[in-house]
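A.B. asks: One-letter residues, chain by chain:
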Amino acid sequence: MILGRVIGEVHGTIKHPFYEGRRLLMIEKLDHHCEPTGDYLIAADSVGAGADERVLVLDEGNGARQVLDSKDGPVRSVVVGIVDDVMCDT
Amino acid sequence: MLLGRVIGQVVPCIVTPGLEGVPMLIVQPLDKTLNPKGKTLVAADATRMAGIGELVSYEGGREAAMALDPWFVPVDHAIIAIIDGVNVTA
Numbered sequence: 000m001i002l003g004r005v006i007g008e009v010h011g012t013i014k015h016p017f018y019e020g021r022r023l024l025m026i027e028k029l030d031h032h033c034e035p036t037g038d039y040l041i042a043a044d045s046v047g048a049g050a051d052e053r054v055l056v057l058d059e060g061n062g063a064r065q066v067l068d069s070k071d072g073p074v075r076s077v078v079v080g081i082v083d084d085v086m087c088d089t
Numbered sequence: 000m001l002l003g004r005v006i007g008q009v010v011p012c013i014v015t016p017g018l019e020g021v022p023m024l025i026v027q028p029l030d031k032t033l034n035p036k037g038k039t040l041v042a043a044d045a046t047r048m049a050g051i052g053e054l055v056s057y058e059g060g061r062e063a064a065m066a067l068d069p070w071f072v073p074v075d076h077a078i079i080a081i082i083d084g085v086n087v088t089a
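Chains as they are written, first to last, in numbering that gives the first Met the number 0: chain A, 0 to 89; chain B, 0 to 89.
Take these hints with a grain of salt, some might be off.
So the derived label-pair ranges between C-beta atoms look like this [to be verified]: (1) A/55 x B/6: 13 to 23 Å; (2) B/60 x A/30: 20 to 30 Å; (3) B/75 x A/33: 25 to 35 Å; (4) B/8 x A/85: 39 to 49 Å; (5) B/71 x A/16: 14 to 24 Å; (6) A/86 x B/41: 39 to 49 Å.
It should be emphasised that the hints constitute simulated quantities derived from the structure, not laboratory data.
All C-beta atoms in this analysis are idealised placements derived from N, C-alpha and C, irrespective of residue type, glycine included.
Model the full structure from these sequences, guided by the hints.
C.D. replies: This is the structure we're talking about:
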């Protein structure tokens, strides 16, 4: 899993049926100090995360399909948690 | 998933069984501000509706093939949605 920050939403009318009714969030990837790495991804939402929230993103297909209760959905990234705090010594 | 811009089309004359008729589009990956980033790639169009100049989101890896029907095909990038808008709020 990776740390990220919700920086926006993506909307599309024409999409794969699996994504009908699902929120797609723009996630800025963060390092362990919660600094942006400069990279981003688009992930499906499973927890109701909002703009500017720090989140935990699962970036693996089998786990993502399990979370979204699908056998064959074309999904790899899903937001699985909202992060309150990150403590890291180094 | 990531954002990309369709910049061209590939017209193959011979394809692996299962991929007949699937549009193959040249996609320029974009960063979160919609500026080109990285090398272009060829993606199968699972929406079958994307055209040149359109903003799309695509999935890479194993999940790309799962967007297609039949799904057991050798594809590593597939266009999942045509993007109407990106709201970067944070």
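A.B. asks: Does each hint fit the structure? Answer for all of them.
C.D. replies: Evaluated hints:
The hint said 13 to 23 Å for the Cβ distance between residue 55 of chain A and residue 6 of chain B, and at roughly 34 Å that hint is violated. Between residue 60 of chain B and residue 30 of chain A the Cβ separation comes to about 23 Å, which falls inside the hinted range of 20 to 30 Å. Checked against the hint of 25 to 35 Å, the pair residue 75 of chain B and residue 33 of chain A passes, with Cβ atoms roughly 32 Å apart. Between residue 8 of chain B and residue 85 of chain A the C-beta distance comes to about 44 Å, which sits within the given range of 39 to 49 Å.
Take residue 71 of chain B and residue 16 of chain A: their Cβ atoms lie about 19 Å apart, and the range 14 to 24 Å holds. Checked against the hint of 39 to 49 Å, the pair residue 86 of chain A and residue 41 of chain B passes, with Cβ atoms roughly 44 Å apart.
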